[in-house]
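Sequences are here, hints too, so could you generate the full structure?
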Amino acid sequence: MVASSGFLLNAAIMVLYTALLGLAWNILAGFGGQFSFGHAVFFGTGAYAAAVLQAKLGWNAWATLPAALLLGAAVGAFIGALSFRYGLRGSYFALVTLAFAEVFRILANNVDFTGAGVGIMVKLKAGPENFQFATKTGYLYVILAFVLAGLVVGWWLKNSRYGAWLQAVRDNEDSAAALGVNVFRVKLGAIALSGALMALGGVFYAQYFQYIDPGLAYGPGVSIEALLAPIVGGLGTLWGPVLGAVLLQLLGEGTRGLFENAPGVSLMLYGALLVLMITFMPSGVLGLLRRKA
Amino acid sequence: MFELSILWPSLLNGLTTGAVYALIALGLTLIYGVLHIINFAHGAALMMALYGVYYLQRSLGLDPYVSIVVMVPAMFAAGYLAYRYVIGVASHGRDENILLVTLGLAIVLENLALFLFKSDTRTIDTAYTFTTVPIGPAMIALPKIVAFFGAGATAGVLLTIMRTTDLGRAIRACAKERQGARLVGIDVEHVFAMSFGIGLACLGAAACFLLPAYYVNPTVGNGFVLIAFTIVVLGGMGSFAGALVGGLLIGVVESVGSLWLGESLGQIGIFLIFIAVLLFRPQGLFGARA
Amino acid sequence: MNTTNRRQFLINTTALAATAALPLGVRAQGQAIKVGVLHPVTGFLAYSGNLSRLGAQMAIDDINKAGGIKSLGGAKLEAVLGDAQSKPEIGAAEVEKMNEAGVSAIVGAYASAICLATTQAAAKYNIPHVVDVGVADQIVERGLANTFRFAPGYKVCADTAMNHLVLLNNLAGKPAKTVVIVHEESLFGTGTANLLSQQLPHLGFEVKEVIKHANPTRDFNNIVLRVKAVNPDIVIPANYYNEYALFVRTMKQQNVVPKAIYSVLGGAASSYKFVREFSDAANGVLDVNHWFNPKDKRAWALKKRVDAMKDQFFTYEVYLNYSAVHLLADAIERAKSTKRDDIVNALAGSTWDKHFMPYGPTKFVNGQNQGAQPLMMQVLKNDIKVVLPKTYAETQPSFPWKG
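Protein chains in written order, with this note's numbering: chain A, 3 to 295; chain B, 73 to 362; chain C, 188 to 590.
Keep in mind the hints are simulated off the structure, nothing from the lab.
Because the structure is a prediction, the values reported are computed rather than measured.
Ideal Cβ positions, reconstructed from N, Cα and C, are used throughout, including at glycine.
One or more hints might be untrue.
As the list claims (entries may be wrong) - One-sided excerpt, in silico: chain A residues whose CB lies under 10 angstroms from chain B:
1. L90
2. F102
3. N111
4. P222
5. A264
6. M279
7. T281
8. F282
As the list claims (entries may be wrong) - No more than 25 angstroms apart at the CA atoms, straight line, and that leaves these computed lysine-lysine pairs for DSS-like:
9. K190/B with K364/C
10. K572/C with K490/C
11. K577/C with K490/C
12. K395/C with K364/C
13. K342/C with K58/A
14. K125/A with K311/C
15. K138/A with K311/C
16. K526/C with K491/C
17. K311/C with K364/C
18. K127/A with K311/C
19. K190/B with K490/C
20. K589/C with K342/C
21. K138/A with K526/C
22. K125/A with K342/C
23. K523/C with K550/C
24. K490/C with K589/C
25. K364/C with K550/C
26. K577/C with K550/C
27. K589/C with K568/C
28. K572/C with K190/B
29. K190/B with K491/C
30. K497/C with K395/C
31. K252/C with K523/C
32. K484/C with K589/C
Listed below in structure tokens is the structure:
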């Protein structure tokens, strides 16, 4: 059973990993109504925090977690402070996050501190105390814990006063302001929270794949991955990102082995199915289930 | 750390490169300005257009500049159909869904190209690909000079359409006030599809001007998307003059930035401008204050 | 192939339903020895990935036609194809699938970043992983017992390049003193440029500028302007095919003719495709890169077969993968077993010399083949010829280049 569980284990880990990214993005976009196209900026910060602190300063891997959380939140607060102070909304906000991600990517590519274009390897040091596990099961528990944390945050956003403010801001910012909600602070909190959780994803990536470079850390690939799952699963819902991650993984795995002698066909199928999915499930999976209920 | 003697040629290079960027941004700004769609498939559409120009030259011997008469209508048709029967339908008008749809389309197009045309990088060889024109101390490649004038011409054509034709008026109406336009009897879906078509038609022209100085492969579009977005924002979403000026400006910034900071770090200038414009003047250079 | 697709389909659809129903015993069934062939055949690395896959598949076909693995009763090799989609995480996921499919070994994954992930994933199951290209030295410096690289890494390539440059310069009476390095910004380009810029001054060359550029770079006019302004004796490019081609073409266009364009792992420099399409710009270009032993008839025979194929070129991706699969086959022969551990041991002790690369018999230390070396080629009269070292040279180098 070990052989087959390796594949399933990896698949499960990747689903949860995607779900984590989606949960983070969902905080800001689903609950907060602020779409970001550059969530990689937080992911990369977390990933580099983990890699640099270990490689250059000899920190223990677990110790980098709180550092990554803090940095993710800080970057979030920075971008949020600038963007919201100047009233950026909608696609303007989305585009500015994209720009920030690119700025960080270019910087990471050009400073020695991050290894520049060469990237950074996290040294192979198997052992749970190093946040590296000889078998994948350890990673599964960690990512599960992270996802649970994300779900707890989501639940809190659905049921707390802060969450109510946030959703009010999402639904109608001006009305919320008129009702006395401190819109700026609320949005700032959301982006910091979202950034922190996303940074967690970055740390996990660094520990699981043990190599990052500016493209992997800050590139558009991660930003896109973060927004696919919540939209497919159901924006602004608790379980949406998780369901979306499952669905996307099935879609990806399901198409990948097909037509292997004709490169590109399987991805065409993937793209087409993506379009079809959103055509027939405009509010995501949960939206569909809700309508049927 | 740069020599003044290469500043002038660098400026000219920036202007000519920027002109090509502008061509790509012209279509995007229309699509964004009217439909409020951030078209993730723009790069893939450019790539398909480039393949179109390539194969027209290879199988029919059509010079890329002559191919404009084929590519523009072809891309227009593709854009119209894509919007009418795919994007418009699939997205139900929701912003986040349009995102996903254009993303999905981009994946389909890129891999369709991979499947049909294989992954080889292709270039065309024309009599003028290697010709340079001396402008003062600088030697500028001829295809790029042609592209410069091509961008101006295309912007001019677009402005004329928008100002003088009924369609142009309808497009402007739909962009400003969707519901209102519907109320006065404008077939909004049709106008949107036309706009998307025109947007893609611009890419058809862009491809004709770009290919002689560049190349095509299935992933070539990705390198232009971010820059195109920057220019759209800088120039003002929906403004053609803005896209043209913005494109030239970005081209120059990229050029001079790379002289000053190095080719790799110099790219940062583009995005810093992007951020600055978004923060301090989101309507861009030529856009109307929202 | 039908069985594989069906098996893939089964795995795919029950992926998340943890089940004991997954067919496990396939590994030991039948005569076929499964070999994972993992490359980025989609995404931005698709061109190299597809050529790599071609080389591997040709090798598997040839081995099977010649009677398969004789020590195992003529057992045939069966390719289990994988697409890394130009992403390390997908590469790692494909390794999991291949493990599930019961592969005895994996060959791949072309790009260094992907190789780092795939060798690591394979190490967890001790699947022998022959690295086809992946020039980053980190790949063989992590102490993974399952990883074997047949070809040289970029340190060896950079060192060889510098030694040959000194030799070349000395032979011509030392006409060259100044150098400009133009490199792509990611791992291979930066790593190579760092090594060169550190070492070259000690060898008597002045590195006037190191110009880094992005992937992709849309326009090289500015870089060429800077090169022109510095007017170095030698320009050293280290980048991928598209950028290399654009750069060299732009230099030609702007009439920049240094004493030599001396590439180190130049993306298009020793590429028959580049020479065919841009012979004007290509002629004279020097390159220290992966190359086959030009004195070995088998290489030319293979080249002939590849040239006969539509739109294919005999590139290093093809013959490095071809060789990697043969290396594996030799190891399986000697191991007399399809068990992963046995193959790993056989590879570790490999002294295989029935290849057409200029490496001599294989000798792996920490996974790196010690004899691996690049050769120096020059494009002369629209053809690529080896010019150094003398043992493999087909002709004399032409330096300085007169344009």
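Verification of the hints:
A cut of 10 angstroms between beta carbons decides the hint on L90/A: the least distance to chain B is about 6 angstroms, and the hint holds. With a cut of 10 angstroms, the hint placing F102/A at the interface with chain B holds, because the nearest CB-to-CB distance is about 7 angstroms. Satisfaction of the interface hint for N111/A is found here, the shortest Cβ-Cβ separation to chain B being roughly 6 angstroms, below the 10 angstroms cut-off. Of the supplied interface hints, the one on P222/A holds, with its beta-carbon coming within about 8 angstroms of a beta-carbon of chain B, less than 10 angstroms.
Nearest Cβ of chain B to the Cβ of A264/A: about 6 angstroms, under the 10 angstroms cut. The hint holds. Restraint check, M279/A versus chain B: the minimum CB separation of about 8 angstroms is within 10 angstroms; hint holds. Evaluation of the T281/A hint against chain B yields a held restraint, the C-beta minimum of about 4 angstroms falling below 10 angstroms. For F282/A, the interface hint holds, the least distance from its beta-carbon to any beta-carbon of chain B being 9 angstroms, beneath 10 angstroms.
A threshold of 25 angstroms between alpha carbons decides the hint, and for K190/B with K364/C the separation of about 43 angstroms lies outside it, so the pair is violated. The suggested pairing of K572/C with K490/C holds, with an alpha-carbon distance near 14 angstroms, which does not exceed 25 angstroms. Distance hint between K577/C and K490/C is fulfilled; the C-alpha atoms sit about 22 angstroms from each other, no more than 25 angstroms. Proposed proximity of K395/C and K364/C is supported: the alpha carbons are some 10 angstroms apart, at most 25 angstroms.
For the given pair, K342/C sits about 22 angstroms from K58/A by alpha-carbon distance, which is consistent with the 25 angstroms threshold. A threshold of 25 angstroms between alpha carbons decides the hint, and for K125/A with K311/C the separation of about 16 angstroms falls inside it, so the pair holds. Between K138/A and K311/C, the direct Cα distance comes to roughly 9 angstroms. Compliance with the 25 angstroms bound is thereby established for this hinted pair. Distance hint between K526/C and K491/C is unfulfilled; the C-alpha atoms sit about 35 angstroms from each other, more than 25 angstroms.
In summary, the hint linking K311/C to K364/C is not supported, as the alpha carbons are separated by about 49 angstroms, beyond the 25 angstroms threshold. With a C-alpha separation of about 13 angstroms, the suggested pair K127/A and K311/C falls inside the 25 angstroms cut-off, and the hint holds. Between K190/B and K490/C the alpha-carbon distance is near 21 angstroms, which keeps this suggested pair within the 25 angstroms criterion. Between K589/C and K342/C the CA atoms are separated by roughly 30 angstroms; this puts the pair beyond 25 angstroms, and the hint is violated.
Distance check on the hinted pair: K138/A and K526/C sit about 22 angstroms apart at the alpha-carbon level, within 25 angstroms; holds. The hinted pair formed by K125/A and K342/C meets the criterion: a straight-line CA distance of about 20 angstroms does not exceed 25 angstroms. For the proposed pair K523/C and K550/C, the alpha carbon gap of about 20 angstroms is at most 25 angstroms, so the pair holds. Using a Cα cut-off of 25 angstroms, the hinted pair K490/C and K589/C is violated, with the two alpha carbons roughly 30 angstroms apart.
Straight-line distance between C-alpha atoms of K364/C and K550/C comes to about 37 angstroms, which puts the hinted pair past the 25 angstroms bound. For the suggested pair K577/C and K550/C, the alpha carbons sit about 23 angstroms apart, so the restraint of at most 25 angstroms is met. Only pairs whose Cα atoms come within 25 angstroms are accepted, and K589/C paired with K568/C is accepted, the gap being roughly 13 angstroms. Simply put, K572/C and K190/B have alpha-carbon atoms about 28 angstroms apart, too far for the 25 angstroms limit, and the pair is violated.
Of the supplied pair hints, the one linking K190/B and K491/C holds, its CA atoms being roughly 22 angstroms apart against a limit of 25 angstroms. Proximity of K497/C to K395/C is assessed by CA-CA distance (about 43 angstroms); at most 25 angstroms being required, the pair is judged violated. With a C-alpha separation of about 19 angstroms, the suggested pair K252/C and K523/C falls inside the 25 angstroms cut-off, and the hint holds. Between the alpha carbons of K484/C and K589/C the distance comes to roughly 33 angstroms, so the proposed pair goes past 25 angstroms and is violated.
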